[in-house]
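Visitor: Read off the chains here:
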Amino acid sequence: VLVSPVSIDDVFAALTDLRARRPLVHNITNYVAMSVSANVLLALGASPAMVHAVEEVEDFVAISDALAVNIGTLSPPWVEAMHKAVARANALGKPWVLDPVGCGATPYRTQAAVELAGLKPAVIRGNAGEILSLAGQTGANEGKSKGVDSTAKAGDAVAAASSLAKRTGAVVAVTGAVDYVCDGQSQTAIETGHALMPLSTALGCSLSAETAAFTAVRPPREAAIAALAVFGAAGAAAGQKLSGPGHLPAEICDALYAMDRTTLARFVKFRS
Amino acid sequence: VLVSPVSIDDVFAALTDLRARRPLVHNITNYVAMSVSANVLLALGASPAMVHAVEEVEDFVAISDALAVNIGTLSPPWVEAMHKAVARANALGKPWVLDPVGCGATPYRTQAAVELAGLKPAVIRGNAGEILSLAGQTGANEGKSKGVDSTAKAGDAVAAASSLAKRTGAVVAVTGAVDYVCDGQSQTAIETGHALMPLSTALGCSLSAETAAFTAVRPPREAAIAALAVFGAAGAAAGQKLSGPGHLPAEICDALYAMDRTTLARFVKFRS
Amino acid sequence: VLVSPVSIDDVFAALTDLRARRPLVHNITNYVAMSVSANVLLALGASPAMVHAVEEVEDFVAISDALAVNIGTLSPPWVEAMHKAVARANALGKPWVLDPVGCGATPYRTQAAVELAGLKPAVIRGNAGEILSLAGQTGANEGKSKGVDSTAKAGDAVAAASSLAKRTGAVVAVTGAVDYVCDGQSQTAIETGHALMPLSTALGCSLSAETAAFTAVRPPREAAIAALAVFGAAGAAAGQKLSGPGHLPAEICDALYAMDRTTLARFVKFRS
Numbered sequence: 001v002l003v004s005p006v007s008i009d010d011v012f013a014a015l016t017d018l019r020a021r022r023p024l025v026h027n028i029t030n031y032v033a034m035s036v037s038a039n040v041l042l043a044l045g046a047s048p049a050m051v052h053a054v055e056e057v058e059d060f061v062a063i064s065d066a067l068a069v070n071i072g073t074l075s076p077p078w079v080e081a082m083h084k085a086v087a088r089a090n091a092l093g094k095p096w097v098l099d100p101v102g103c104g105a106t107p108y109r110t111q112a113a114v115e116l117a118g119l120k121p122a123v124i125r126g127n128a129g130e131i132l133s134l135a136g137q138t139g140a141n142e143g144k145s146k147g148v149d150s151t152a153k154a155g156d157a158v159a160a161a162s163s164l165a166k167r168t169g170a171v172v173a174v175t176g177a178v179d180y181v182c183d184g185q186s187q188t189a190i191e192t193g194h195a196l197m198p199l200s201t202a203l204g205c206s207l208s209a210e211t212a213a214f215t216a217v218r219p220p221r222e223a224a225i226a227a228l229a230v231f232g233a234a235g236a237a238a239g240q241k242l243s244g245p246g247h248l249p250a251e252i253c254d255a256l257y258a259m260d261r262t263t264l265a266r267f268v269k270f271r272s
Numbered sequence: 001v002l003v004s005p006v007s008i009d010d011v012f013a014a015l016t017d018l019r020a021r022r023p024l025v026h027n028i029t030n031y032v033a034m035s036v037s038a039n040v041l042l043a044l045g046a047s048p049a050m051v052h053a054v055e056e057v058e059d060f061v062a063i064s065d066a067l068a069v070n071i072g073t074l075s076p077p078w079v080e081a082m083h084k085a086v087a088r089a090n091a092l093g094k095p096w097v098l099d100p101v102g103c104g105a106t107p108y109r110t111q112a113a114v115e116l117a118g119l120k121p122a123v124i125r126g127n128a129g130e131i132l133s134l135a136g137q138t139g140a141n142e143g144k145s146k147g148v149d150s151t152a153k154a155g156d157a158v159a160a161a162s163s164l165a166k167r168t169g170a171v172v173a174v175t176g177a178v179d180y181v182c183d184g185q186s187q188t189a190i191e192t193g194h195a196l197m198p199l200s201t202a203l204g205c206s207l208s209a210e211t212a213a214f215t216a217v218r219p220p221r222e223a224a225i226a227a228l229a230v231f232g233a234a235g236a237a238a239g240q241k242l243s244g245p246g247h248l249p250a251e252i253c254d255a256l257y258a259m260d261r262t263t264l265a266r267f268v269k270f271r272s
Numbered sequence: 001v002l003v004s005p006v007s008i009d010d011v012f013a014a015l016t017d018l019r020a021r022r023p024l025v026h027n028i029t030n031y032v033a034m035s036v037s038a039n040v041l042l043a044l045g046a047s048p049a050m051v052h053a054v055e056e057v058e059d060f061v062a063i064s065d066a067l068a069v070n071i072g073t074l075s076p077p078w079v080e081a082m083h084k085a086v087a088r089a090n091a092l093g094k095p096w097v098l099d100p101v102g103c104g105a106t107p108y109r110t111q112a113a114v115e116l117a118g119l120k121p122a123v124i125r126g127n128a129g130e131i132l133s134l135a136g137q138t139g140a141n142e143g144k145s146k147g148v149d150s151t152a153k154a155g156d157a158v159a160a161a162s163s164l165a166k167r168t169g170a171v172v173a174v175t176g177a178v179d180y181v182c183d184g185q186s187q188t189a190i191e192t193g194h195a196l197m198p199l200s201t202a203l204g205c206s207l208s209a210e211t212a213a214f215t216a217v218r219p220p221r222e223a224a225i226a227a228l229a230v231f232g233a234a235g236a237a238a239g240q241k242l243s244g245p246g247h248l249p250a251e252i253c254d255a256l257y258a259m260d261r262t263t264l265a266r267f268v269k270f271r272s
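Protein chains in written order, with this note's numbering: chain A, 1 to 272; chain B, 1 to 272; chain C, 1 to 272.
One chain only, chain A, in its complex shape (with noise of 0.2 angstroms):
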């Protein structure tokens, strides 16, 4: 397997970028995590919006940089706003990304998850067991999740991942204790992160709109792995404060608001 090269430099500069660009984010996104990806997306340096009806999103994605599609608390209408903001996305040219959560929990769900993964995401971020769900590799509770949580290590995803990404041309993001970015040709690893992180809900669901905004000022893969080692870094210096998980959602988008070349370097750590 290829691994191309990447540098806290270059995640540096994309942050950089981000910043001078405030993109505006449109996220469809679940009620759990809208508040906490808002907050993350202000602090990271982006311009958040939460915008769902079927009348608005289409005119919505094109005043928009770029749109996150996340599946957490669908329902039918929401998955009509998520096809159509979709399919304007695509026409425009704009990059989305797609979180899959819960993907093999219901039939219901992995079927929406499938069908929006069918629709040129540029990325796709989820959980091991979202992701082996999604490409096909487990059915609904075969026991590599647990209801939105997953049961699975992120690096048992990762061949799941490449076949994901090979077959829908998105790069595909598989987070957990280490973090896999894959695309088909190329898989990069990447350690940072706290153990806390899974104890506060919707971070990764917040982490997959970070990766949206990045998508506005990198191409898919560069995009997918800033965003992996932004929010890593950021959870843990943010993780490292505290003793609980309380806290954990402000001191991250503290840590997101304060981010700078030093904190990456000291908290991420590229793998081939």
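If you're looking for bench data, these hints aren't it; they were derived computationally from the structure.
You can take every hint at face value.
Any copy will do: because identical chains look the same in the list, a pair fits if it lies in one copy or spans two.
As a list, the in silico SDA-like pairs of lysine to any residue whose alpha-carbon atoms are at most 20 angstroms apart:
#1 K146 x G45
#2 K241 x Y257
#3 K120 x R167
#4 K146 x R22
#5 K269 x S186
#6 K146 x D59
Fit chains B and C to the supplied structure of chain A, relying on the hints for placement.
Guide: Frame of chain A; chains B and C shown alone:
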């Protein structure tokens, strides 16, 4: 009135079992409470999911260990999903908890709560105004509640709670400055918590979600007592560190994450 | 332009009355803002409720002291509920506040805001881009807003706000680095707040909810001025303790809970 004995050791054993089991808790809850409820469940040691579409609630109940139903921001599609989820939970013998938020505030809300209360919840958890209304002791607008807040004391609702428990077969928990758990034969008073708790939104809702998590490892009465004791101790430990309500949810999560027998013994008192 | 005198004493008297009255504030607001708005209202001394079903909004308005309507994550069923609630509020003589989030971003959103603005709100509260759009000074996408964020300064929207106030009969509050309250005859500038506030989501929405609470104890102009002064002072007191936006909502709640005349005098300056 008979009072069955309970002890701090019983509560801590239930918490230890919950952490080992890591139950998947399916929540159909209100928009305000979703994020804090998820964080409370994660800090406690459970795995939360928020799933409300009629297309998938029955499938999701089937993979869950317990169900929490909360009518805080109800509307017809959500009520329909609640009924479907409850029916499946009952068919599969899975316990479910009802939080009748704002019962008594409007006829629509009262009717939804009354109908759900008739569907064999393991536990009903509410404030005094809600329980008085649900038990039929007060009509709407009779001065025992203020929207979703109660103007009555929990102690005033103990008789109503016992009557409701007898009629529905549910254990009924009435929470306030002192909490009560009634099962038709017995009542247990729990002195714990902190005066700041009513000033932070959705903590009662989060307590109901936590109660559902405990029903996955204990029968209803023991589950309700353990849930109230653990949450109250977390609130007491958190509150005494604070001079205002702003950081209370985060501090409660940290206290739940760190909860041990010593903290329970320090902050919880059972009364006959 | 005439400027009616206002004073810190007036503001503190309004806050004292609000705390004594503990008004029930009915919110039909967006998913992002619900939790922080509820916490802001609780910390302020009000009793919040989030109720949006067409089946019950009219009944809930009837037991409430004021109504806040916010179009942040609108969709047709919510807009229908807003209209029903507003009609009942007007019929009962209860004050209501409009927050036209993202007005100008899409035709659907602008139309919803314009229609609601014509239904006699007591106060309209928005950022410069929203007020310019609502007043008809800019069309969609004309560069004064970025999704739900404004790129214009509040001061640029004062003439539009005055015009909008004359046309609708509402007091119009435009918020930004400096806030303005316009009622058609007068305008009041309020210097307060903190530079971190735009980096935390839904604080403007929470301010609108807080404004509704003040309309329960003061006429619209005095209510808007008191709401902006109290919220701005809380933001200023909170912000000066912080180096990033993460803990801002929690600290604002603590500052609201502790708000006194001294803090108001320290952080609020009225300008003619």
